[in-house]
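A.B. asks: Protein sequences appear in the order of chains A and B. The numbers in numbering that gives the first Met the number 0 rise by one with no breaks, and the one at position 171 of the first sequence is 170. The numbers in numbering that gives the first Met the number 0 rise by one with no breaks, and the one at position 23 of the second sequence is 22.
Keep in mind that the hints were calculated from the coordinates and are not lab data. You may find that some hints are simply not true.
Identical copies go unnamed one by one, so any copy, or any two together, can satisfy a pair.
Unchecked claim - Below are the DSSO-like pairs computed for lysine-lysine, each with C-alpha atoms no more than 30 Å apart in a straight line: (1) Lys329 with Lys155; (2) Lys276 with Lys3; (3) Lys3 with Lys230; (4) Lys35 with Lys226; (5) Lys3 with Lys155; (6) Lys329 with Lys305; (7) Lys35 with Lys276; (8) Lys155 with Lys305; (9) Lys329 with Lys276; (10) Lys35 with Lys305; (11) Lys305 with Lys230; (12) Lys329 with Lys230; (13) Lys35 with Lys329.
It should be emphasised that the depicted structure is a prediction, and the values quoted were computed from it without experimental measurement.
There are 2 protein chains.
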Amino acid sequence: MPEKRYLFTPGPTPVPPEVLAVMAEPVVHHRGPDFKVTYERCLARLQEVFRTEHDVLLFTASGTGAFESAVANLVDPGERHLVVSAGNFGERWADLVGAYGADLVHLRLPWGESPSPDALAAELERSGPVEAVYLVHSETSTGVVADVEPLARVAKEAGAIVVLDAVSSLGAVPLETDAWGIDVVVSGSQKALMAPPGLGMVSVSPAALAARGSSPRYYFDWERTQKAQRKLDAPFTPAVTLVRALDVALGLILEEGLQDAFDRHVRLGRACREGIKAMGLELASPDEDRSAVVTTVRAPEELDVKSFLLDLRDRLGVQLIGGQGEWAGKVFRIGHIGYFDLFDITTALAAVEDGFVHAGIPVDRGVAVSAALNAFEHARA
Amino acid sequence: MPEKRYLFTPGPTPVPPEVLAVMAEPVVHHRGPDFKVTYERCLARLQEVFRTEHDVLLFTASGTGAFESAVANLVDPGERHLVVSAGNFGERWADLVGAYGADLVHLRLPWGESPSPDALAAELERSGPVEAVYLVHSETSTGVVADVEPLARVAKEAGAIVVLDAVSSLGAVPLETDAWGIDVVVSGSQKALMAPPGLGMVSVSPAALAARGSSPRYYFDWERTQKAQRKLDAPFTPAVTLVRALDVALGLILEEGLQDAFDRHVRLGRACREGIKAMGLELASPDEDRSAVVTTVRAPEELDVKSFLLDLRDRLGVQLIGGQGEWAGKVFRIGHIGYFDLFDITTALAAVEDGFVHAGIPVDRGVAVSAALNAFEHARA
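Given these sequences and hints, build the entire structure.
C.D. replies: This is how it looks when you write it as structure tokens:
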């Protein structure tokens, strides 16, 4: 095993030392005064980061659990719901909506495509009225970040509740929950929010709360959690350690400033893509500023992706990740969400170069690193 | 605020420093080799502590979430399910089973009662066949630990799946999942297992898996989690930090030895009760060895429980907890589950004495502490 580990996956992501440190503090009671202060501040900071004035409900669960809360609260069996997918997570949400017995309308786009408002409008025209439209902001499996504002507008105009998966985008890419009229935004602690996995959160508009249906639910029931949170309580013992960590991490994000954090992600994404292109490799994620969460690289024919990733991990201590679902074996992904700087990008690229050499694929050593260093704008333009 | 904090509630409970320390280590990827080693060992240790050869499914959720997995997997709407309650948690499980549309048979006993096998047999006689019987091992709201083996036998003989809430009992009081024929045992990380809150776990017998019904579920679906776990994977990003903590905590428990841990809980419970009785106070939880999880004390008429607990918390840094539901204002509770020793008991009792004095209720200072010190058997008999 190598002595140091580098976590360059799109979740879990590296956690700042200040955040790790608070988790070693003694556990406090969730109804005690120490925790209430943390809880209140954490919920307020979530609203700031979500850019919403509505409640952000906090669940001890992964992002999928938080997403299920939307489905469990909104779906009545037999009711029509529309899911737009263009990758693994969109397809998961379609499965989930189907599991709750909805009459699922699935606008299934090819992996890697960015959904267009016209395609959504056409699908809504065909389907007739739907109760809710489920969109993915950052499709982590492909690296595509959708232009979500016009999509939300189309869904809204059709009278639907808009639900957005912002698990890997929130805090990395601009998202205006209230201004863009997005009723439900789902996120998780372990991506750009720079905390460990284990907390999922959901912002809920009054319209979303009013649209609640009859599916059975208890742990993920919005009303139960909203009622308790408004009294600074939690309906069930929350993961107090993780809430404490999230609170510190959100403080760091707001100290940097959301705009500066978004800008940093754009600059890191550019540098990473320039490095990959300098190696003569092809991008599978779009070569555009919005694609600032994960850089997805098409593997050359001669590369065995699985062995390459295992080599990076076991020989160099560098954890990248391969493709999911239909992209398995065809791509590898470099995450740069959250607690990342230029030297994480150059380390990831240096590891990719070395892994290629080790796999017998000729590379001019340093070519990707140099390109990234040259491309990186150190200050916000 | 006092400088030190003492957490003497029945969950969350104090976490050993070795367990806190690992949470400050860098986050690892849940599909990387470091985590797989931890995950495999943690799942095996859970089987040891659960005393089962069947799968123990691990969910990122509170104990209630894990309990909901049992209900969501077992209940078909309209099917008859029987819940035995004698306190707050039993009643919560009745609500939960009802929320999934079961034809609920609720054997609702007075709070503080210990359910008898005869009462259960009589209820099953009245109700006719039921799909599942839900029992509470340690009713944390009252401090009663049920004699669960004969209850499980009665339920089994009636052909029901047996589901047991062992959230606050597992690791504190003897429980033989397989030997007693309990199909589903639900527990949580934050009680006797000495880890922070955020993980719920469920052992599932083949009969329980075969009895799965049609209620909608995704995150809490047993089959999805079982399939993934058997490949040392997790269907959704788990709270890796908490799994690491739980693994270390389980290691400590198994190092002490389950029998020695149970015995320690018995000796601590005895000492705590002797202290309370020496103050002339009345126990609401049974004065018996099995009642080793929480000592529930009837508040004297002249004590304002809420002010008393706030005083202990804010002036002395000692966190005890009041009654829930119909026992609110009538009792206070001292938890002694997990990472507890004699000096935690004497500190809790000294704080109770001081709080009484502060509330103007005369107490011979040291009387409870002395009684506990005298009663405590330092070594296992």
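A.B. asks: Taking the hints in turn, state whether each one holds.
C.D. replies: Cross-check of the supplied hints:
For the homomeric pair lysine 329 and lysine 155, neither the shortest alpha-carbon distance inside one copy (36 Å) nor that between copies (52 Å) is at most 30 Å. Taking the closest pair of Cα atoms, lysine 276 and lysine 3 come within 30 Å of each other only inside a single copy of the chain (27 Å); across copies the shortest separation is 56 Å, beyond that limit. Taking the shortest alpha-carbon separations for lysine 3 and lysine 230, only the inter-copy value of 26 Å comes in at or below 30 Å, while the best intra-copy value is 44 Å. Taking the shortest alpha-carbon separations for lysine 35 and lysine 226, only the intra-copy value of 15 Å comes in at or below 30 Å, while the best inter-copy value is 38 Å.
Within a single copy, lysine 3 and lysine 155 get their C-alpha atoms no closer than 48 Å, and across copies no closer than 53 Å, so neither meets the 30 Å cut-off. In this assembly of identical chains, the alpha carbons of lysine 329 and lysine 305 lie at most 30 Å apart only when taken from the same copy (10 Å versus 62 Å across copies). In this assembly of identical chains, the alpha carbons of lysine 35 and lysine 276 never lie at most 30 Å apart, being 49 Å within a copy and 34 Å across copies at closest. Within a single copy, lysine 155 and lysine 305 get their C-alpha atoms no closer than 42 Å, and across copies no closer than 48 Å, so neither meets the 30 Å cut-off.
In this assembly of identical chains, lysine 329 and lysine 276 lie within 30 Å of each other by CA distance solely inside one copy; the values are 17 Å within and 70 Å between copies. Taking CA atoms no more than 30 Å apart as the test, lysine 35 paired with lysine 305 passes between copies only; the shortest distance there is 17 Å, against 46 Å inside one copy. For the homomeric pair lysine 305 and lysine 230, the shortest alpha-carbon distance between copies (17 Å) is at most 30 Å, but the shortest distance inside one copy (49 Å) is not. Only between protomers do lysine 329 and lysine 230 lie at most 30 Å apart by alpha-carbon distance; the minimum there is 22 Å, versus 50 Å within a single protomer.
For a Cα distance limit of 30 Å, the shortest separation of lysine 35 from lysine 329 across copies, 24 Å, qualifies, whereas the shortest one inside one copy, 48 Å, does not.
In the structure shown, a violation is registered for the earlier hints numbered 1, 5, 7 and 8, in ascending order.
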